[in-house]
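In case you want the letters, here they are:
Protein chains: 2
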Amino acid sequence: MYSKTLQNLFKAKKIQIGDKIKVEKEGFEYIGILMPKPETQDPNSIVLKLENGYNVGIGFEKEVKIELLEKRKKKEFEKLKIKSDPKKLTVSVLGCGGTIASKIEYETGAVYPAFTPEDLIQNFPKLKELANVKGRMLFNLFSEDMSPEHWKIIAKETAKEIKNSDGIVLTHGTDTLHYTSAALSFMLQNLPKPVVLVGSQRSSDRPSSDAEMNLICSVLTALSDIAEVVVCMHGEMSDTFNHVHSGVKVRKMHTSRRDTFKSINVLPYAKVWYEKREIEYLRNDFKKRGKRDLILDTKINPNVCLIWIHPGIKPEFVKSLGKFYDGVVLAGTGLGHVQTNKKDKFCTPIISEIENLINSGIPVAMSPQTIFGRINMNVYETGRKLVKIGVMGNYCDWTPETALVKLMWVLGHTKNMKKIKEMMEKNYVGEISERSIPEGFI
Amino acid sequence: MYSKTLQNLFKAKKIQIGDKIKVEKEGFEYIGILMPKPETQDPNSIVLKLENGYNVGIGFEKEVKIELLEKRKKKEFEKLKIKSDPKKLTVSVLGCGGTIASKIEYETGAVYPAFTPEDLIQNFPKLKELANVKGRMLFNLFSEDMSPEHWKIIAKETAKEIKNSDGIVLTHGTDTLHYTSAALSFMLQNLPKPVVLVGSQRSSDRPSSDAEMNLICSVLTALSDIAEVVVCMHGEMSDTFNHVHSGVKVRKMHTSRRDTFKSINVLPYAKVWYEKREIEYLRNDFKKRGKRDLILDTKINPNVCLIWIHPGIKPEFVKSLGKFYDGVVLAGTGLGHVQTNKKDKFCTPIISEIENLINSGIPVAMSPQTIFGRINMNVYETGRKLVKIGVMGNYCDWTPETALVKLMWVLGHTKNMKKIKEMMEKNYVGEISERSIPEGFI
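Sequences listed follow chains V and H, in order.
For the first sequence, position 89 (counting from the first letter as 1) is numbered 89 according to the numbering used here, and the numbering increases by one without interruption.
For the second sequence, position 36 (counting from the first letter as 1) is numbered 36 according to the numbering used here, and the numbering increases by one without interruption.
So here's chain V without its partners, still in its complex pose (with noise of 0.2 angstroms):
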C-alpha cells in the first residue's frame, strides 16, 4: 500500500491504480500507468508503467505534481474476424487457461485468467502473418487444478479440430504442461499433423512476457513437419529460440525461469528461431508431417499415485496406498531403489509392503526421482529384488511423470497384471529411449 498522504492525494484528484498519469518533479516529467505498490518499495514512492514497459518509482516530496491523464481503460476486444488466406496454412489455438491467457490485475499485482484465443491472436497481430488463425476456448484453468479428465476433453476437441487444420496449438498452464503433454501422446496416437503445448512464464499483459515469441513460435511449430505431441517453449532467458520438446520426454525444471522446460535424457526435437521464424531440427526420428488417420484413445484410469521415496517413509503409508489408488509409480533413489534392508535394527524396509500391494493386484511402477537416467534394477540387490517382487519400468528412462500418466492410460486397458507389465515397459511414443545421450543430462 502506498503511504497514507499518497492514497489521499490520489483520492483527491481521483487518480486510481491502473490510471494513466503525469508526474512532474526537478523539471522532468514522467507519463505512465500508476501501478501499485510493490512490496519492496518505498510507500512515499510512486511507482509508473511507462510507456516503454519499464516501471519506475519517483520519491514523493511537496514539490512532486501529479495530474490524472486518462482513467483507466476496459479495453473490449473486438471479436475476432478472420479473414482467410487461401495462400496460407490453417492453425488452431485450443485455450485451456495458465498465465498465457491471464492478465495482471493493477490493483492488487495478482494475476488472473482472461484472455480467450480470439484476444490473444487479436492481441499478437504477427500471428496472422504466419497462418490462418482460429481460436476457442476449451477451458480456462490454472494448469496446477488439470485433472486426467480435462486431458481427456483436450485430445477430443484437439482430434475433432485436427481435421480442419493443420495444425494445433494448445495454450495451457505451465505448471502441469508436462503432465499434458504426455497424456495427449498417449490418447492422440499416429498424428498426422503437429499438436503443439505452449504456456508462459509471464502474463500476456506484461511488457517482460514471453508469451508473443512463444505463440509465434508454437504456430511456426504447428505447421512445421514435427507430426507429434510436442511442448514448445523459450531455450534460454532471452528471446533468441524456443525448444521444441518431445511431449513425454520434457519437464518444468525451474519455478519461475522462462527457460524452465527441459527436454530429459534427449535432445529437443527442433529450435525455433524467433527472429528469423525458422525451425531448425535438432533430431531427424519423429513422425513427419503425413497422411494418416489419428488413434484417439483417451481410455485412462486417473487412480494413480506418484510416491516419492525418502528417509524416513513408513511402511504403514506404503501398505495404506492400496485403499486409495489402483496403481502406484514409485519415484524411487538412485538407480531405482527403496528401503529393504531387514537386519539393521535403524533401518524400516518397505519392500514387503510393496509386495503386498502387487499380490493384491496393485501395479507399481519405478521411476527416478534423479529426474534424469535410466532405471536400471541389475545393478544391485535392492533392485534386483524389486524386480523379482514384479516392480515395472526396469530400464525405462522416463520421468516420473511420463511414468505415471502412462501407468493411468495403460489401466485404462487393461487390469491384467501380465498385459500391465507388457504395455508399460512396451515404448508407445518415444517415452523410453533405446539409447542414453551424454547430450540429454544438464
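Please keep in mind that the hints were generated in silico from the structure rather than gathered at the bench.
Heads up, some of the hints might be wrong.
Straight-line Cα separation of at most 20 angstroms, SDA-like style, residue types lysine to any residue; simulated pairs [unchecked claim]: (1) Lys103(V) - Asn378(H); (2) Lys323(H) - Lys103(V); (3) Lys314(H) - Leu321(V); (4) Lys103(V) - Glu381(H).
With the hints as your guide, set chain H onto chain V.
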C-alpha cells in the same frame, strides 16, 4: 551366461569366473581375468579384464586355446598401520557404506559391500601422500536404507572424531547422500573444520571406478578452508575435477553418471583439480576453517513425509497423511501450488485437506517439484490461498529433500506452530539463498 560350448570348456579346464587365464588366437596372446558375460555380448565371446584395466572380448572358435594361469585371489587386505608423519595434517575417513565401499562379484555381476575405510586407504596409497589418513567403519549400508537414526550416529561420531583430526571424510552411498548431507548440516553447526561426504558411482575394484579420484579430492577438501558440511563428487564425466557442493544445496540428478551431483540454485563452493591436487574456490561465502566450538544438535523427529503433488492426487489420500506423520513437505507444482479449484466439476481440490492437517497441528511446508528455483506463493491466487491457510516456505529456494530434512530437524526442537514456521523460514546454514543467480540453473 556364456554359451554351452564355453561353459563346458571352462569346466573341463577348471576355470571359473575371476580366474586369471591365457587365451591364444590367431597368433595373439591375451592374459587377464575371466569376466562374467555382459548382457549385450555374444555368448560365444570370452571377456577378459586385461592388466591395463580394459576389458576385451575374444570370439571363440575351434582353434582358440585357453589356459588357466592362476585361480581367483582371495585377497586379504593387511590391516593398515598408520605411520603418522608429523609434518602432515590428519584426515579421518568414517565409513557408512555405499558403492565406494563395494565390490563387484564376478560370478553374478552383482555389487556388494566389501571394503572398510582401512581397505580403501590401503588400496589407494596415494591418499597417504596427502595427509595422515586414518579410518574406521561406522556401519555398512546401501544408502537407500539410511534412516534418520543413522544420521544421528554419523553426526555424533563425526563430532567425536573431528577433535583429533583436521578434517572428516564420510564415505556414503550416493542414493541418499544429499539427504544425509542436509541432515548433517543442521546437526553439526558452527563447524571448525570441513566435513566432506563422498561416494562413487562405480565400485572401487572396477577400472572405471570414480572411487580413487573422489577419495583423493575429498581428502583435499577435508584439508581445505571450507568449514562446512559439503559433498565432493565428480564435476564432469571425465576425471578432470570434482565439485565441492554445499550439503544443503545439492542433489543427485542422474541415475548413473559420475557427475550426477549438481548444486541447485547456487554455484558449488569449489573445484578440486585432480591431477594438480589443487582447490579452486568458486565462492567465498563459506565458513572458514578456524577455532570454534562445534554445536552438535541431533534432535530430530523423523515422522515427516515428502508428497509429490500431481494430477489425480486424491483428497482422501492427503487427509490420511495425518495418521502417519507429524509433518508434511509438499513438492508442489510451479511456484508452489496444489489443486485449489472448487468450481470446475472435474477438479479435485486438496486445499481443504491441507488446511485440516494444519489446523490439527501438522505443519505443512512447500517445496518445488521443478527442483530448481524459488517458491513464490504470492504471484498467483493459488499460492496466496496456501499462505493464508498457513503453508510454510514462501520465498524459500530449498530442494524438496532439504525442506524434508529441515522439517524433521525443526520438529525435533518444538511442537509450537509459530515457532516451527519461524525456524523453517529462518536460514540456518545456507539452505535458503538470499539471491537467485542465473548460474544456479541447468
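Tested hints:
no.	hint	verdict
1	Lys103(V) - Asn378(H)	holds, 15 angstroms
2	Lys323(H) - Lys103(V)	violated, 41 angstroms
3	Lys314(H) - Leu321(V)	holds, 11 angstroms
4	Lys103(V) - Glu381(H)	holds, 12 angstroms
The structure is inconsistent with hint 2 alone, although it conforms to all the rest.
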